[in-house]
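Novice: Grab the two chains, each in its own frame, and use the hints to assemble them into the complex.
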Amino acid sequence: EDQVTQSPEALRLQEGESSSLNCSYTVSGLRGLFWYRQDPGKGPEFLFTLYSAGEEKEKERLKATLTKKESFLHITAPKPEDSATYLCAVFSGGYNKLIFGAGTRLAVHP
Amino acid sequence: DSGVTQTPKHLITATGQRVTLRCSPRSGDLSVYWYQQSLDQGLQFLIQYYNGEERAKGNILERFSAQQFPDLHSELNLSSLELGDSALYFCASSVGREGTGELFFGEGSRLTVL
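One line per chain: the protein sequences are Y and S, in this order.
For reference, each letter of the first sequence is one residue, going 321 to 430 in this note's numbering.
For reference, each letter of the second sequence is one residue, going 381 to 494 in this note's numbering.
I should point out that these hints are in silico values taken from the structure, not numbers from a laboratory.
There may be inaccurate statements among the hints.
Stated by the list, open to error - Only pairs whose alpha carbons sit at most 27 Å apart, straight line, appear in this in silico DSS-like list of lysine-lysine:
(1) Y:K362 with S:K389
(2) S:K437 with Y:K362
(3) Y:K379 with Y:K399
Said to hold, decoys possible - Output of the computed footprint for chain S on chain Y, the stretches with three or more beta carbons under 8 Å from beta carbons of chain S:
(4) 332–340
(5) 378–387
Stated by the list, open to error - From the derived model, a few chain S residues whose C-beta atoms are all more than 12 Å from chain Y:
(6) Q386
(7) A394
(8) T395
(9) V399
(10) L419
(11) N457
(12) L463
We put the beta carbon where it would ideally sit given N, CA and C, even for glycine.
Chain S with its partners taken away, still in its complex shape (with noise of 0.2 Å):
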């Protein structure tokens, strides 16, 4: 147990709609990332919080958005929904606000656009 812990752990939807998956860091952890993992992109990074700000962005869409609460805990919210938004969206926790490359994932959130 990495205690990242990330809610929901499967959710289907349909297109054009939206979601938000949340994530709860390590306790200590300021730091929050968010990363897509698909079939044909690997583990894509898309977004850094550390301590409610954002720190570093990865190839995230217009689409996508995050942002981290005063409790740390953070959001991840994808709206106007495609099909290739199917993916697993996990969300990693470290302690400070530059990496050390040790990252602790959460077990993921499984989205199915259908």
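Same shape as in the complex, but just chain Y (with noise of 0.2 Å):
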């Protein structure tokens, strides 16, 4: 069965306080890795798409790379508005079904 974990559950840094979040992914024939951000109460919003191993992506202070069973998500100094859960998601089973994990919920502090 197709599945994503990520860890940790939770993440608190410190401003400026460097980090990575973890996405392990199990799929038969991955069609892309994607990265999302969530907000209390929000939407998720896209952040990047990652298709093949060694790729890597940036925006800002965030960082994904991919391999062939994970992809991280690197913080760098980090500043409080980045607060917020990541949250990363698969195709399942054809291009229309994208299954996400559960989340990192980070918190980063002043």
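Specialist: Quick look at the structure:
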């Protein structure tokens, strides 16, 4: 069965303290791995798409990387406004059904 | 603002009742997706419609049904509600029939079943 597992469940950082979030996946035939950000009370917001092992994408303080079994979201010198839940997702059984991990709740404190 | 509009934002109802959630996709998007997010299950795919036709189905309960109308708005109908149906229901949209993985989510409808 296809599945996505994220760790840690929650992460507390001081402003400026860099760290990484992990997303491991089991899927028959990867058709892309996707990162989303979700703020409390809001819908998820798309961040990145990664298609093949070795690929990297960057946006401001975030960098997403992909290996054959997992993806990392690196957060460099985070700021309080980076606080959110970060979700990763993969397609399962085609290009219509995105399955999401449970997310990592990130809190960045001044 | 994603451009996806969902109503109502909040809904409180009783067990056994029926509710309808409404979604208007981004202008130009033909696909609409429904997701359920609860604390214990995370974000779960329910169903996708493309240009009025059902395209993909997830673990959607038989008590739930959806449709997409000619003007492309979609409705999710939840009937015989149970306490466990309390959750955030998200609608998302995208342009094509096949997903690119980039979905535009609305702000959700929070359903509370008492």
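Novice: Against each hint, give a clear statement of whether it holds in the structure.
Specialist: Okay, the hints, checked on the actual structure:
no., hint, verdict
1, Y:K362 with S:K389, "holds (11 Å)"
2, S:K437 with Y:K362, "holds (24 Å)"
3, Y:K379 with Y:K399, "holds (14 Å)"
4, 332–340, "violated (count 0)"
5, 378–387, "violated (count 0)"
6, Q386, "violated (8 Å)"
7, A394, "holds (24 Å)"
8, T395, "holds (25 Å)"
9, V399, "holds (19 Å)"
10, L419, "violated (10 Å)"
11, N457, "holds (20 Å)"
12, L463, "holds (21 Å)"
The structure fails hints 4, 5, 6, 10 (numbered hints given earlier, in ascending order).
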